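Going line by line, the protein sequences match chains A and B.
The numbers in the working numbering rise by one with no breaks, and the one at position 33 of the first sequence is 50.
The numbers in the working numbering rise by one with no breaks, and the one at position 53 of the second sequence is 70.
The set of hints was computed from the structure by calculation and includes no laboratory data.
Since we're looking at a predicted model, the values are computed, not measured.
Please note that a few of the clues may not be correct.
You can't tell identical chains apart in this list, so a pair holds if it fits in one copy or across any two.
List time: in silico DSS-like cross-link candidates among lysine-lysine, alpha-carbon distance up to 30 angstroms [what the hints assert, rightly or not]:
1. K216 with K167
2. K174 with K87
3. K197 with K95
4. K202 with K72
5. K202 with K43
6. K30 with K72
7. K197 with K40
8. K167 with K46
There are 2 protein chains.
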Amino acid sequence: MSIITIERKILEKNDAVAEFNRKNFKEKKIFAINLLSSPGSGKTSILEKIIELLKDKVNIGVIEGDIQTKIDAERIEKYGIPVAQIITNGACHLDAILIRDAFSTLSDKQISLLFIENVGNLVCPATFDLGENIKIVIVSTTEGDDKPLKYPAAFQKANAMIINKVDLIPYLNSSIEILKNNALKINPNLKIFETSCTKNIGIDKLCEWLLDNINKL
Amino acid sequence: MSIITIERKILEKNDAVAEFNRKNFKEKKIFAINLLSSPGSGKTSILEKIIELLKDKVNIGVIEGDIQTKIDAERIEKYGIPVAQIITNGACHLDAILIRDAFSTLSDKQISLLFIENVGNLVCPATFDLGENIKIVIVSTTEGDDKPLKYPAAFQKANAMIINKVDLIPYLNSSIEILKNNALKINPNLKIFETSCTKNIGIDKLCEWLLDNINKL
Numbered sequence: 018m019s020i021i022t023i024e025r026k027i028l029e030k031n032d033a034v035a036e037f038n039r040k041n042f043k044e045k046k047i048f049a050i051n052l053l054s055s056p057g058s059g060k061t062s063i064l065e066k067i068i069e070l071l072k073d074k075v076n077i078g079v080i081e082g083d084i085q086t087k088i089d090a091e092r093i094e095k096y097g098i099p100v101a102q103i104i105t106n107g108a109c110h111l112d113a114i115l116i117r118d119a120f121s122t123l124s125d126k127q128i129s130l131l132f133i134e135n136v137g138n139l140v141c142p143a144t145f146d147l148g149e150n151i152k153i154v155i156v157s158t159t160e161g162d163d164k165p166l167k168y169p170a171a172f173q174k175a176n177a178m179i180i181n182k183v184d185l186i187p188y189l190n191s192s193i194e195i196l197k198n199n200a201l202k203i204n205p206n207l208k209i210f211e212t213s214c215t216k217n218i219g220i221d222k223l224c225e226w227l228l229d230n231i232n233k234l
Numbered sequence: 018m019s020i021i022t023i024e025r026k027i028l029e030k031n032d033a034v035a036e037f038n039r040k041n042f043k044e045k046k047i048f049a050i051n052l053l054s055s056p057g058s059g060k061t062s063i064l065e066k067i068i069e070l071l072k073d074k075v076n077i078g079v080i081e082g083d084i085q086t087k088i089d090a091e092r093i094e095k096y097g098i099p100v101a102q103i104i105t106n107g108a109c110h111l112d113a114i115l116i117r118d119a120f121s122t123l124s125d126k127q128i129s130l131l132f133i134e135n136v137g138n139l140v141c142p143a144t145f146d147l148g149e150n151i152k153i154v155i156v157s158t159t160e161g162d163d164k165p166l167k168y169p170a171a172f173q174k175a176n177a178m179i180i181n182k183v184d185l186i187p188y189l190n191s192s193i194e195i196l197k198n199n200a201l202k203i204n205p206n207l208k209i210f211e212t213s214c215t216k217n218i219g220i221d222k223l224c225e226w227l228l229d230n231i232n233k234l
């Protein structure tokens with residue numbers, strides 16, 4: 018019982034700071050996106066492709082969340098984009114307090130589109146509101162087509178799903194149609210994109226949708 | 018501070034039950050293996066391949082851990098193997114208490130090799146001792162070659178690593194050599210296997226090693 022109490026306290030504290038972040042982003046006219054996925058689904062690769070297409074059209078900023086290493090932040094920094102790296106030292110998710118603190122290091126930058134790349138974990142990050150405008154869940158074709166049923170929370174809470182690595186489908190016992198149907202069973206409102214970073218597929222449509230969302234702010 | 022206290026209590030309780038499980042397995046001459054990986058790395062597919070090769074040589078039992086669904090237990094049941102399904106209802110890892118309770122449902126079965134398929138999560142399950150003899154971490158080639166550096170705990174605690182989906186290497190910007198080197202930086206004692214379930218690669222070597230381990234009991 019004490020575990021539940023403590024967890025509730027953590028979430029209450031988190032939600033209060035998430036509200037602070039949300040107001041802060043709104044005041045600064047920033048559209049914030051929380052990217053969720055398993056390790057190795059291609060979050061950073063998709064970010065790189067989005068940055069290539071959009072960096073001359075919109076001011077992008079990135080907060081990278083990792084358990085260890087600053088590999089991802091170094092990949093993003095090469096594009097001349099403002100980036101803050103959070104190293105959680107073992108913790109399995111980002112929370113709103115970490116985002117508040119990381120964002121404060123970017124407060125002098127002109128940002129209108131902020132990506133928050135969460136820790137690679139399809140379970141725990143789904144529980145924590147960071148103050149973002151939308152959540153996007155990324156699932157790679159190589160993970161199989163049953164993941165939305167087995168890890169429903171991330172798919173329930175997401176506004177959009179990116180099916181990445183679609184170029185590998187010919188070599189897999191996995192179906193994009195079954196994956197889509199399973200995701201829509203969990204969340205009928207999910208907007209779905211299909212991408213491949215190595216073959217440059219679908220990033221343009223994803224970017225159009227992102228620009229539409231920013232323009233609606 | 019209170020969070021740490023509670024976590025310590027949870028881990029102390031867990032470790033006491035893990036010791037109970039370990040003694041229980043030892044008395045019954047059961048070799049228990051805790052399988053850790055990200056979602057979709059191929060834990061269940063590797064289990065199916067091992068069962069095909071070993072089921073006439075050794076009495077296998079399986080405990081399946083999933084957040085939702087009994088898809089994995091149903092896959093294993095087709096082989097006529099005793100299986101218990103744990104559905105965690107959102108919880109991100111298995112613990113020793115869940116294993117004690119799940120194993121009690123298998124106590125009338127002849128088992129000498131017990132596989133525990135943990136929840137798909139490369140982070141949280143690494144912290145919880147289940148009373149197993151060894152931990153095996155599975156990483157798929159499609160997850161990239163930097164995962165041991167970014168998620169070190171699972172690789173530090175594992176006795177062996179299986180690099181799965183090696184048949185997809187020609188289509189990836191990912192190197193098995195770099196992946197191995199990164200894993201050995203984290204844990205120089207890691208025994209490493211390379212497998213593909215779709216192309217039936219490396220399962221024989223893995224099974225030989227498992228039999229060696231059981232025979233040493």
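*Looking back at the numbered hints, which does the structure fail to meet, lowest number first?*
The structure conflicts with hints 4, 5, 6, 7 and 8, although it agrees with all the remaining ones.
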